[in-house]
Every structure is written in structure tokens, then in C-alpha cells.
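Hey, can you piece these two chains together into the complex? The hints should help.
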Amino acid sequence: MRQASHPGKDKFGGALLEVRDLHVEFATPSGAARAVNGVSFTLQQGMRLGLVGESGSGKSTAVLALMQLIKAPGRISGGRAFLAGDDLLAMTAEQMRQARFSRIALIPQGAMNSLNPVLSVCAQIDDLLTAHGEKTDPGKRRQHVADLLHRVGLPESVADQYPHQLSGGMKQRVCIAMAIALSPQVIIADEPTSALDVIVQKQVMQTLIHAQEEVGAGIILVGHDMGLMAQFAHVVGVMYAGRLVEIAPVHEIFSNPRHPYTRMLISSLPTFTTRKVFRGIPGVAPSIINPTTGCPFHPRCPSAVDRCAVDVPAEEFVAQDHQVRCHFAREGVPTSAIGAAVD
Amino acid sequence: MIEIRAATVAFGAQRNKTLKLALNAVSLALPQTPSITAIVGESGSGKTTLTRLMLGLLKPTQGTVLYEGHDLQHMDRQAFAKYRREVQAVFQDPYSVYNPFYKVDRSLLLPLQRFGLVNTRDEAYEHIHQCLQAVGLRPADTLGRYPHQLSGGQRQRIMIARALSLKARVIVADEPVSMVDASLRATILESLYRLKTEQQVSLLYVTHDLTTAYQIADRIVVMYNGQIVEEGEPESVIHAPKHAYTRALVAAVPPPNPDIDWGLVAKALPR
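Residue numbers (the working numbering), protein chains in the order written: chain L, 1 to 343; chain F, 1001 to 1271.
Chain F with its partners taken away, still in its complex shape (with noise of 0.2 Å):
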């Protein structure tokens, strides 16, 4: 569906040796069908840039993506105006994505209205409804709020539905909830996974907690140092896991059992 061949992102200069290259020559396609691509490393690895790519608010150094066979950077008005209703992004803060003077419920009305999918106000709060409640969300008791009354969590699934109500086809999250407390992780990445099989929305996750990834994802892509080191199923990939940084991943996830010895305790000082 989204494919990016190829591409290379360089920041800084050249001619003052200042350039670095966030992504180099990566090639990453999400398949037709309904999925959700897991992409996991730490920070700089260039997971970011590359959901960059994806929306189309960076433009490679080199290389091409492709939206349904077609190059961004050469698309007519009709075919862009289609990505971008049907290629969504849902952020890592749910807190600074809203205008904290408006209720939240012109974050869903404006996309709405802006890509004519309504006629009338009726018509756009009945299809609201409809999206909030995809998201496990009552929407008497989320609209006409500000986003200040709403949790973190609330608001995240908030930011799904408004992708949802758009008729996205594929919803760009990054990091959506290393912000939100843990015990609402869970309901948000059920949301996303229902998304995938109830609503045919594929998914691209972006994350650098390699549980999450594993729960709902159907392929991991790894990525260190602005290239994908690994990539494939995500019992071959966290079990069997063929990069050491692959395996330095896995490895720094705290096992929630006192009895297995995560080698917290050490004997000598980590360098």
C-alpha cells in the first residue's frame, strides 16, 4: 500500500562535514492486506523519520515513496487529497496534539467537513458516534469536553477514532502510548488491533517497547543507526532473534517475574 524504496535522509551539510544520515537507503513496504508493522529501536535509530516519510511531511534526500503504485512527489490534486485522507497519523502526546481553547469535538468535526464527507452537522455527529464507540469510547461522556477533562488515554482514543472517521485505510502511530499510564496501554493497543480486524485499517506502530510490538504486531521491523537490521514474524524475531541489537533489545526488557534474575544486581559497574 505505502512503500518507500530506497530512501535516504541526510540532515546537515555536506561541504562542513556536519551530515548525518537519519535514514540510508531504506526500503520498507506495507503489504495490501490488513496488517500491523511493528517498527522498534532506541532513540536516533530513525523510527520517526521514517513515519515522516510516510505522511508525507519529509521529502527523502534520495529514493521514492509510493502511495498505491504512485509517487508522492508527483501526484495530481485528486490522488494527494486521497493519501492524505486515507493515510492517518495518531502522535506520541495526546496532550499537545489539541488546541486546549476548543472542545474536542472540532478535532472531529473540521477533517470532516474539510474533506466533504458530510453534509450536514447531524450527519457528522452521528458518524462521531459511531467512530467513538469503534474505540470503546461513550461519546456522551468524551464530547463537548475540553481536552484538559479528558485522560491521556481518552484522548489518544480520541485521535484513533478521528482517523477512523475519515475512512483511513492506514493509521501512522507513532509512539501513541509511551505517554499513557500502563494500565491504560492495554485498551489503547486493543483499539488499534480491533481497527485491523473489525475495520480493515491497516497499521503502521512505531514503539521502542518491545512487548507492545510483539502483542499486536504481525511483522517487527527492527531499525538501528538509520537502517533496518532485522525484520520478520515476531515469534522468529523476539525468540530467535538473529542481530545483536536485536538481541540487546529483547535483553533489556525487564522480566515482571522476581524470580527470573535480570542481572540487575551487579557485581561490576556498567561502562
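Chain L extracted, bound-state conformation (with noise of 0.2 Å):
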């Protein structure tokens, strides 16, 4: 067993949320959409899961999908989630609305919009506050909220304000604060930056991983940026076509990527020290309606074998916590392949 320079099992308090074989389908005219098609993973307490994809790929679905956020004609159609061993898809609705934000909390994507804008911010995080019990009297609850502005890094002022009076940045870190009221103890953050500026993400980030490690809580982060990922993330998943094609430690997937996907991501990333060289992923994302058979990268794949095309690849692992989707995860991937005899 490989021994990764990655922050250990025992760096986290154990598992908390564990994701088991999780299928979204969404009913179209023309069939099943599989938009998550058996996701699985765990996540312990106080890590930073880091889930990234193409549009499409399931990404958030899958983490929208652990709230019972699925709306029509979408709905789960198999898998199980325990958060500390309560399973979320089986929670009643009264049981789900008393969850969020008091045990899984969500930070939109675009939560931009995701403010009511006729209500100051203390009002909504009032609203909150009193939809999950807390009857204390005003005063209290009052400074309550000036307590959470003050730990996403917001003057008291802000509570006051109405969501037009504020910049991006401090509206995202509003949401961060809503997320964090009731210390929950996932944290779910849908591509929480990518509608702000670059210098204004950076600091948002920055807030959103204070303010989780103050509340202890795990968090998974939807998004698309690896580089923000190489940085944030203790674990990344890689997702493609409702699958996840590979998950393993930020370390591992940078240093030692399995998937030739998760090859093609790391290397299409541009920097500032090669100009005019352009690795991008060529051809498309395959259809969820009729997928193709065998693994569903293949077409794309530029070390597919004839096997490749007919066999889907069963998760496996290459290392204690290193999972690839791939017939070539072992041996890693052959750049040559073509002929290879296998199996």
C-alpha cells in the first residue's frame, strides 16, 4: 500500500457522511437521463471533498441530491447517504427541512441570487434562525447575527443592509454565514465563486474554509477550476458522464492521476510557464439519454482499446484510498495501448 504525502486518515475525525451507490435519473421524452449513475463516496469529518466535472457530469446533481433538493421530473432512484448513520434520501420531508442547515447546510451556486432581495440580511438570517427553533427573544437572536457576520469576516452594519447594497463577495459571504448558523456539520458549497472576480474569489474561499473549520464541519465543494482545487481540496473527485471516473487524496490526483480524464483535466490547465500549447479534451460529453456502451470516456479516450468500448470499468482501487474507473488503473495508462492485448 502506497503511502501518500497527504494528510492521513487520522488527521480527520472519522467518517460522517458516507454515499452509497447513488442514482439521479430525470424523465425526458426520449427516456432515462442518468445524470448521477452510481455515485459512491465518503467523507470524514473536517475535510474539504473537492468534486469537479464538466457541465453535465453530475456534479451537482449529486450533491443536491443529498438534500432531497431534486426537484420534478428528476427524482433518486436508488442509493443511500448517512450522515452519522441517519440516511438522508430516506427522511421524510418534515425530517429533511429540520436537517437542512441545522446538520447539511448549501451554499448555492449563483447564491448571488439566492438572497431575497425585499429582506434585509438580518431578516434572513433571522428567518433561519427562527424556522429551526430558536425562539429566543429579538435581542438575542440579534446578536446572534451579528455574531455570525462578525465570523465570515463582515462589519454588524451589513446586517442591516438590503442584498442590492452589497458587493458579490460580501453577499457570498452572507450566504457562508447563513450556511454556518446552526454549525452543521456538512457543508455543501455549489461552485460558491465562480460568478466573482478573481481577487474577490480568493478571499471568499479563504473565508469559507475559516468559517468551516471553526464550526468542524466536513465540506464538499462543486466546481470546475482544478487550480482552485489543488488548493483547497484534501480529497478531489473527478466526475464525468454521472460517474465518478476517479477520487483520491489532492496529492495523489495531481502527482499520480490513474484516469487518462483526470490526465486530460490536469494537463489542459494553463500556467504561466508554457505559452501557445493548447491540450484541450477534444469531442464532446456523451449523451445520459443513450449512453454508449463500455466506458463512457471511450470515444474521447486517446489510449481506448477495442475492450474499452464494451466493458464499463468496475471501480477499483489502486490504492487504500485511491479509486479509478478505468481497465487500465493498475498498470496505469498505456500510451501505447492500441492492440494491447487484455484480459
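Bear in mind the hints are in silico, worked out from the structure with no lab data behind them.
Model, not experiment: these values are computed from the prediction.
Heads up, a few of these hints could be off.
A few chain L residues that face chain F, going by a derived Cβ cut-off under 8 Å, partial list only [said to hold, decoys possible]: (1) 55; (2) 278; (3) 279; (4) 284.
Beta carbons are placed, not taken as given, at the ideal position from N, Cα and C, and that holds for glycine.
Here it is, written out as C-alpha cells:
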């Protein structure tokens, strides 16, 4: 068993959220679209997990399903998600309502637009506190709001302001304050900085990490920026066509990627060292309504062999904490695999 | 080729003190030879206002915009039509530039007909096929489809092909890859880069992403608060930035290597 230079299991406080074989499908006139197709992962306490993938790979759908936020025609068609022993997917609507924010909180995609424009910041946070039974007197709640704003680096005066008076970065911090208001066990951040300026992005991510460490929550960050993931995550999961094709500690993903898609994602990153070299990933993502046979990545894979078009690769452990869905995960993907005899 | 001379663009009114200078006495000239100029800066720095001046969509409050030495505001019809054809735009959102009720063919055919570049439909299609291939698209997989049937990357490349089909000399691209997936960005940037080397088309590339600017540009122009604060060769702007704002922009790019400490896990909370 390889011992990588990442924070080991002992750094985290044990399994917190266990997602097993999650399936989400959307009914369409041409059949079921399998947006999430058998995703399993474990989030440890205090761990920052990054989920990357292109649009339509199912990364947002997978995390929204954990909060039962999939709307018709979509439905969770299989799987379990245990948060400290309780199956999130089996909860009734009322149980889920209570669990949201208090046990599992969401910082939504485009959080800029998720605040109510006609409520002051104080009123929105207050809403959340009263909905979760914090029926103390208004003065104490006000103090709680001020305290929360302080924890995300905002002055108390923000409490009396309305969303349109705040900058994008400040609105995002208000959303972080709401997410940590009830000290949840898990925070889900769905592309929290994709609409922000680059300079503000770093400040918001610093705030998010600070807040997460303070409440000791595990966090799932959904995004497509591999550079940000390298800096943010302890563990990175790569999604492709509704499947988790590779998951490993961040150092492992960057120094020893085993899935060809992960390799191409990393090598397609522009850097400040090379100019005029373009390494994109040719082709387009497969349809999730009429999936290709075999490995979903084989039409775009530079090292696909005949077998890849027939057999769906299973999840394979190449190390204790490194899982890959590729027939060549063990040997490392051969660059000249064409024609190689497999099995 | 295109030159902006001391242009100021003001929004709002002076008398109720809401005057905001989106551009403050900015001068910028695109060289005659094919080149890629990148404009970088945050939202509100004036990048988009600058492109709107270059595209003739906005008149400067003060200053002039010249194309081939002629002021855009005092051009005769013929010269203006030539400018309209030779300076083409590629916008940020590849989803909203198409009319969803028409096949993408229409977006390619109409401008060719309007500018009188083709005589017959067959001739138009032959020309369109060549242009699609030049940006790395297969005509058979692209034509005859509706916008929603194509990916964002494909749609953006059709826009580039459209500009190419009009024999454009300058493409003004405002954040052309910010709404496209990271894995497809490289292919679009490559299409734009190849236009310069193979078709002698100049590019004004507006972005907030310094890494892609570094990748394709011959010159980087940094804007902040309506002014140009730094400009120069990519190597010097990125690796030896002179202005504090440029340094902040460079520092804001997360290094794609977990071994480099970017300082994300901060001890103190950012204010």
C-alpha cells in the first residue's frame, strides 16, 4: 500500500457522510437521463472534498440529491447517504426540512441571486434561526446575527443592509454566514465563486475555509477549476457522465492521476510557465439518455482499446484511498495501448 | 488598425453628481500586423466599455475611435460598411447570441448575404464549410442543427467561423471562454490563435483570466478603474509586473499544484 504525502485518515475525525451507489435520473420524452449513475464516496469529519467535472457531468445533481433538492421530472432512483448513521435519502420531507441548515447546509450556485431582495440581511438570517426553533427574544437573535457576520469578516452594519447594497463577495459571505449559522456537520458549496472576480474569489474561499474549520464541518466543494481544487481540497473526486471516475487525495490526483480523463483535465490547465500550447480534450461529453456502451469516456480517450467500447470499467482501488474507473488503472494508462491484448 | 485616442466614456449626469467614468482618457492602438492583444481586469474596470467602443456600439463622450485612420463617427457609408464587415464580435454567452427558433445555418448565411459576399446558396454553403473546418468543426455535425443541440464550445466556435466567413480582419472577443467548460477552453483558444497565424486575423481578447491571456497574447493590457495601468509583453507583465494591481491579479490565480502554498488556509480572516 502506497503511503502518500497527504494528510492521512487520522487527521480527520472518522467517516461523517457515506454516500453509497447514488442514482438520480430525469424523465425525458426520449427516456430516462441518468444524471448520476452509481456514485459512492465517504466524507470524513473536517475533510474538504472537491468534486470536479464538466457541465452535465452530474456533480451538482449528486450533491443536491443529498439534500433531497431534486425537483420533478428528476428523482433519486437509488442509493443511500448516511449522515452520522441517518439515511438522508430516506428522510421524510419534515425530517429533511429540519436537517437542512442544522445538519447539512448549502451554499448554492449563484449565491448572488439566492438572497431575498426585499429582506434585510438580518431578517433573512433571522428567518433561518426562527424556522429552526430558536425562539429566543429578538435582541438575542440580533446578537447571534451580528456574531455570525463577524465570523465571516463582515461588519455588523451589514445586518441592516439589503442584498442590492452589497457587493458579490459580501453577498457570498452572507451565504456562508447562513450556512454555518446552526453549526452543520456538512456544508455543500456549489461553485460558490464562479460568478466572482478573481481577486474576490480568494478572499471568499479563505472565509469559507475559516468558517468550516471553526464549526468543524466536512465540506463538499463542487466546481470545475482544477487549480482551485488543488489549493482547497484534501480529497478530489472527478466526475464524468454521471460517474465518479477517480477519487483520491489531492496530492495523489495531481502527482499520480490514473484515469485518462483526470490526466487530460490536469494537462489542459493553462499555467504561467508554458505559452502557445493548447491541450484541450477533443470531442464532447456523451449523451446520458443514450449512453455509449462500455466506458463512457472511450470515444474521447486517447488510449482506448477494443475492450473499452464493450466493458464498463468497475471501480478499482489502486491504493487504499485511491479509486479509479478504468481498465488500465493498475498499470497506469498505456500511451500505446492500441492493439494491446487485454484479458 | 483600430485606434482609440484619449477616449472617455461617462455614464450618469454631472448635475446630480452621479457621473461615473467607465473609461478615463484611454488610448490604445491595435497594430497593423496580425496580433493578439489581451485586455485583463476585474468587473467594472472598463474592459467591456472598451470593446463596445471598438465595435462602434458606443460613442465616446470625449476622444475618437479610428479604423484605418478614419474616425468612426465621420465615415462615409461605404467605409463604414467595410468596417462593419472587417471588425467582428464574439460575445461571452454562446447561449444567448442565437435565435433558438432557427437553425444555426441562418446565423452563418444571413451576414454573407447581407454583405453581398456570395451569389448563390451553394456558394455560401461551400464557403461556410471551409470556415467551419478552419475552426475545427465538422460541417456535417454542425449544420442543420438548432442551437440547443450543440455544446457551448461548438456554438462559440460557430461564432468564430461566422467572423471568419466575412473575411474579418479583427475579432473583438469579450470573455469568449468564461462560460465554456475548462476542458473545452483550450480548443476555442486554439481556434482563435490559429486564426492569427493561418488567416492573419487580429484579436482583441478580453478576459479576467490571466493564464489564458498569458497563453495566447502578444501583448497584455491591464485595466483598472477605467484606466490602463500596465501594458507590455506577456513575459514581463506576468513575471515582472510593475503595477500593484497587476501583482494582485497574478497572485489571485490558484497554482494548479497542491505543493505550492497559495495561502488559502489563512490564520486571520480576510476583511
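Going through the hints against the structure:
Here the hint on residue 55 of chain L is kept, as its CB sits about 5 Å from the closest CB of chain F, short of 8 Å. Of the supplied interface hints, the one on residue 278 of chain L holds, with its beta-carbon coming within about 4 Å of a beta-carbon of chain F, less than 8 Å. The interface hint given for residue 279 of chain L is met, as the beta carbon of that residue sits about 6 Å from the closest beta carbon of chain F, less than 8 Å. Because the closest C-beta pair between residue 284 of chain L and chain F is about 5 Å apart, less than 8 Å, the hint holds.
When held up to the earlier numbered hints, the structure conflicts with none and fits them all.
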